[in-house]
Amino acid sequence: MKSVIARDLVKVYKVSGRKRGSGATVVPKEVRALDGLSLDVEEGTVLSVLGPNGAGKTTLVRVLTTLLTPDSGEATVAGVDVIKHPDEVRKVIGLSGQYAAVDETLTGWDNLVMFARLHRMSGSASQARANELLEQFSLTDAARRPIKTYSGGMRRRLDLAASLIVKPKVLFLDEPTTGLDPRGRQEMWGVINSLVDSGVTFLLTTQYLEEADQLADEIAVVDHGKVIARGTSDQLKREVGGERLEIVVEHQHIPAVREIVSRISPNVVIDEDLRRISAPVATGTKALMEAVKALDDAGIHPLDLGLKRPSLDDVFLSLTGHVAASEEK
Amino acid sequence: MNAINDSLVIMKRQLLQLIRIPEVLIFSTIQPVMFVLLFRYVFGGSISTGIPGVDYVQLLMPGIFVQTVAFTLAGTAVGLAQDMEKGLIDRFRSMPISRSAVVVGRALGDGALNVVVLLVMGLAGFVVGWRPSSSILSILGGFAFLLLFGFAMSWIGVLIGLSVREARVANSAVFLTVFPLTFLSNAFAPTTGMPKALQYFAEWNPVSTMVAACRELFGLTNIFGVTADSLPAQQPILMSFLYMILLMVIFVPLSVRKYKSSTSR
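Here the protein sequences line up with chains E and S, keeping their order.
In this text, residue positions in the first sequence follow our numbering: the first is 1, and each later residue adds one.
In this text, residue positions in the second sequence follow our numbering: the first is 330, and each later residue adds one.
This is chain E alone, in the form it adopts within the complex:
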């Protein structure tokens, strides 16, 4: 069963030219935030939508959470049509955005009780649920403090708690760790991972390759409003090319090592500056053993030697031709 299905979504924004920092040029132009985007998410799994700023991730989340009507295309969430029955969709989703969408002047407890009341829970049930969530997200000590005194990580956790008042079938997390420090990010990952086991379907957007790698069952790489690649982290890495054998040696040994490596794999790449000889290999560890043996026989002691699997950064670079998150807005 697919919990989320998006087909050929298109959303075009008219930008009136006076976008941030664009200076004097007043040129009306269209931005195709979604340009025929299609994807689906299997029930109970985590799909990470990975892409740089401006790739259309947030617009996708807005369409799927009924905040925005697409110009064309269709989408269902938990089997319900997003465009035709937005009210039904709202009953089964949770949304946690890029910023903590809570009332900062109120306390964490106030906020959760308010959201529970808006979910039509009774007064006492609302308070009980608020306490439960504060406990679950380790915010009990801060429950009676205004949100504005919270750290970034605490705000995100409270925001996430607010989207879980009634257990959603599908939870949308729009860049849940953007702007958090490494510790806050680790904490947030822990929280998200614990939710994954509860059977909720996740669609989470991120600019961080590491985050997608950590949290997602599957990754959809998005660029310029389209999905340009889709698969598990391993599949995507394989798509870019399998493992590479990398050997770093003293300068004088480079020709000899090139000779050895070329016997294992024909496409040898030499980086003189890094004194690195590398080549793609089909049979990972076997190639490594061969190389070690040949080097030993030749009496060459490498400075570094190993098999390198491509990172998601490599994946992104080879798919889009530019580095993730480098697109300056």
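Note that these hints are calculated values from the structure, not bench results.
One thing to keep in mind: the hints can contain errors.
No farther apart than 20 Å at their CA atoms in a straight line, the calculated lysine to aspartate or glutamate pairs in the EDC-like style are these [as the list claims (entries may be wrong)]:
#1 E:Lys148 with S:Glu495
#2 S:Lys587 with E:Asp71
#3 S:Lys589 with E:Asp81
#4 S:Lys589 with E:Asp71
#5 E:Lys167 with E:Asp87
#6 S:Lys589 with E:Glu88
#7 E:Lys169 with E:Glu43
#8 S:Lys589 with E:Asp87
#9 S:Lys587 with E:Asp87
#10 E:Lys2 with E:Asp40
#11 S:Lys587 with S:Glu414
#12 S:Lys415 with E:Glu104
#13 E:Lys237 with E:Asp314
#14 E:Lys2 with E:Asp81
#15 E:Lys148 with S:Glu352
#16 E:Lys148 with S:Glu414
#17 S:Lys341 with E:Glu104
#18 E:Lys286 with E:Asp297
With chain E held as given, fit chain S onto it using these hints.
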């Protein structure tokens, strides 16, 4: 039923804000009280009421009440713009709640804040010599009328707040619209002293009509200049009601529509 429940929850949120940051309430009452003192003691001595035997303060207080509740919409606009910036409106819109609850609750909450503000101002007025001469029922009616006016005006704020999306812009937008309306009126000085052309504007100004209605309810007679025979001059209470209905007929649907389609960016 659900719409009412949701609106009340949103309204309660605003009242909670007042408890959590009482400074807001304190400052929103200090400013009008300063106006009372300023006009009563600084300008008041030089302004003629045009009515023999009536002190300026009797004329002034209804004017300041109206000005204060008219500015309710500043809080509404700024508050909604902030909710927009913070993404809170997005969250509400992604929840299965009534489509009108967030804006209705907001307008109700701001209306409720006026209860406190008017109470403080009424006391301040009493201290500086304001003595309404009508019956207690009529006086209470006057205050109820003011609350209704604040509620009606706050819908303009809803539309401004949801449209400009930035709190600081909302603040200036409100100031630019409401400030001229309250000063180009009979609130602080009789319109009879104004140039003729301005009199037409000032006397048809809903703020003037509202002030005239309050003065009537607080037991004063009104003096109008060029438009003395017009409906606002003859029937200020009725006309104020019509203005309020007109305001709501225009701004409530526009605001609810705006809310349904608004996203933070």
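Hint by hint, here is what the structure shows:
no. : hint                   : in the structure
1   : E:Lys148 with S:Glu495 : 19 Å, holds
2   : S:Lys587 with E:Asp71  : 18 Å, holds
3   : S:Lys589 with E:Asp81  : 18 Å, holds
4   : S:Lys589 with E:Asp71  : 17 Å, holds
5   : E:Lys167 with E:Asp87  : 17 Å, holds
6   : S:Lys589 with E:Glu88  : 16 Å, holds
7   : E:Lys169 with E:Glu43  : 9 Å, holds
8   : S:Lys589 with E:Asp87  : 12 Å, holds
9   : S:Lys587 with E:Asp87  : 17 Å, holds
10  : E:Lys2 with E:Asp40    : 6 Å, holds
11  : S:Lys587 with S:Glu414 : 15 Å, holds
12  : S:Lys415 with E:Glu104 : 9 Å, holds
13  : E:Lys237 with E:Asp314 : 8 Å, holds
14  : E:Lys2 with E:Asp81    : 13 Å, holds
15  : E:Lys148 with S:Glu352 : 16 Å, holds
16  : E:Lys148 with S:Glu414 : 15 Å, holds
17  : S:Lys341 with E:Glu104 : 15 Å, holds
18  : E:Lys286 with E:Asp297 : 17 Å, holds
Going through the hint list in order, the structure satisfies each hint without exception.
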